[in-house]
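Read top to bottom, the protein sequences are chains A and B.
Read in the UniProt record's numbering, the first sequence has 100 at position 100, and its numbers run on one by one without any break.
Read in the UniProt record's numbering, the second sequence has 56 at position 56, and its numbers run on one by one without any break.
The hints are simulated quantities; they were obtained by calculation from the structure and are not laboratory data.
Just so we're clear, the structure is a prediction, and the values are computed from it rather than from any experiment.
Just so it is clear, CB atoms sit at the ideal spot from N, CA and C, and this is done for glycine as well.
Treat the hints with care, as some may be off.
[As the list claims (entries may be wrong)] Below, in silico cross-link-like pairs of lysine-lysine (DSSO-like), each with a Cα-Cα straight-line distance of 27 Å or less:
1. K52(A) x K122(A)
2. K108(B) x K122(B)
3. K71(A) x K122(B)
4. K71(B) x K122(A)
5. K52(A) x K108(A)
6. K114(A) x K52(B)
7. K52(A) x K114(A)
8. K122(B) x K52(A)
9. K122(A) x K71(A)
10. K114(B) x K52(A)
11. K108(A) x K122(A)
12. K71(A) x K52(A)
13. K122(B) x K71(B)
14. K122(B) x K122(A)
15. K114(B) x K52(B)
16. K52(A) x K52(B)
17. K71(A) x K71(B)
18. K52(B) x K122(B)
19. K52(B) x K71(B)
20. K52(B) x K122(A)
21. K108(B) x K52(B)
[Said to hold, decoys possible] Just a sample of chain B residues kept apart from chain A, beta carbon distances all over 10 Å, derived:
22. D24
23. D35
24. A66
25. K108
26. F118
27. F124
Number of protein chains: 2
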Amino acid sequence: MIGRLNHVAIAVPDLEAATAQYRDTLGASVRPPQDEPEHGVTVVFIELPNTKVELIHPLGDASPIAAFLEKNPAGGIHHICYEVEDIAAARDRLTAQGARVLGGGEPKIGAHGKPVLFLHPKDFNGCLIELEEV
Amino acid sequence: MIGRLNHVAIAVPDLEAATAQYRDTLGASVRPPQDEPEHGVTVVFIELPNTKVELIHPLGDASPIAAFLEKNPAGGIHHICYEVEDIAAARDRLTAQGARVLGGGEPKIGAHGKPVLFLHPKDFNGCLIELEEV
Chain A
1 MIGRLNHVAI AVPDLEAATA QYRDTLGASV RPPQDEPEHG VTVVFIELPN
51 TKVELIHPLG DASPIAAFLE KNPAGGIHHI CYEVEDIAAA RDRLTAQGAR
101 VLGGGEPKIG AHGKPVLFLH PKDFNGCLIE LEEV
Chain B
1 MIGRLNHVAI AVPDLEAATA QYRDTLGASV RPPQDEPEHG VTVVFIELPN
51 TKVELIHPLG DASPIAAFLE KNPAGGIHHI CYEVEDIAAA RDRLTAQGAR
101 VLGGGEPKIG AHGKPVLFLH PKDFNGCLIE LEEV
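Generate coordinates for the entire structure from the input sequences, incorporating the hints supplied.
Right under this line is the structure:
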């Protein structure tokens, strides 16, 4: 069911410093920052040859990653995103097997303009998994 | 400098259950478990179309991931691995810019039989980064 690893998201306390580090120290290809107000984050995409890293930083007062950065002030790996062909079918298959979908269970439009949903980390080895329909 | 994302490693408290979940619930292609006594882990590779996920579980009494699982009993994303062409050159470039290499700074042979080293998470947004020469 799951396909490609679409991205790894790293929550960072200082987006400018983290971006400069990936560009200058790690020598990666870095895109300009994008504000995603509907998701409460500013995102910088690091383009690797086979996938992406997303540096994410809180935007606004109710960012969904604010609590994570409070708990992990230096930052940390926040989630990984797997691609699926049919997100409604994936959700139905997962919930039928007892996995919990965060929020109301309905896919939302994600940072790439595609339907996404998040799975409960407690059901997946403490790992927050995003599914994105491609 | 960094190339492909070689893998994302997820530390899991129950390797058999996590393997079954990736195979049966998430529908991924799963390889048999491999003991890596020199690294203190048993590894199951999940093969995605563009990269790998490595489920890792402690092996032996002095596993380097035992403390992580004590702190995160449900498991969690442990590290990410970027490929580099020349690991000695990568290390020299990084240490010249102030980044710290874990251990003695000399690359070791990793789970794939290639030279690897780990960078200090405090220098990289709280994210443990493995570099692997390919």
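Point to revise | Agreement of K52(A) and K122(A) with the hint, judged by alpha carbon distance not exceeding 27 Å | key: OK: K52(A) and K122(A) at ~25 Å, within 27 Å.
Review point. Does K114(B) pair with K52(B) here, judged by a C-alpha cut-off of 27 Å?
Key: holds (16 Å)
Check your understanding: Is the straight-line distance between the alpha-carbon of K108(B) and that of K122(B) 27 Å or less?
Key -> holds (21 Å)
Point to revise | 27 Å limit on alpha-carbon distance, applied to hinted pair K114(A) and K52(B) | key: holds (23 Å)
Review point. Within a Cα-Cα threshold of 27 Å, do K108(B) and K52(B) meet the stated pairing?
Key: holds (20 Å)
Check your understanding: Taken at face value, is the distance from the CA of K71(B) to the CA of K52(B) at most 27 Å?
Key -> Within the cut-off at roughly 25 Å; holds.
Check your understanding: Quick one, are K114(B) and K52(A) close enough, alpha carbons at most 27 Å?
Key -> It holds: about 23 Å lies between the C-alpha atoms, which stays within 27 Å.
Check your understanding: Taking 27 Å as the top limit, are the C-alpha atoms of K52(B) and K122(A) close enough?
Key -> Roughly 22 Å separates the two Cα atoms, so the pair holds.
**Study point:** Given hint K52(B) paired with K52(A) - CA-CA distance at most 27 Å
**Key:** With a Cα-Cα distance of about 14 Å, the restraint between K52(A) and K52(B) holds, given a limit of 27 Å.
Practice item. Take the C-alpha atoms of K71(B) and K122(A), compute the straight-line distance between them, and say whether it is at most 27 Å. Key: Holds, at about 14 Å.
Exercise for review: For the pair we were handed, K122(B) and K52(A), check the Cα-Cα distance against 27 Å.
Suggested key: Holds. K122(B) to K52(A) sits at ~22 Å (cutoff 27 Å).
Check your understanding: When you look at the beta carbon of A66(B), is every beta carbon of chain A farther off than 10 Å?
Key -> holds (15 Å)
Violated hints, in rising order: 22 and 27; the structure is consistent with all others.
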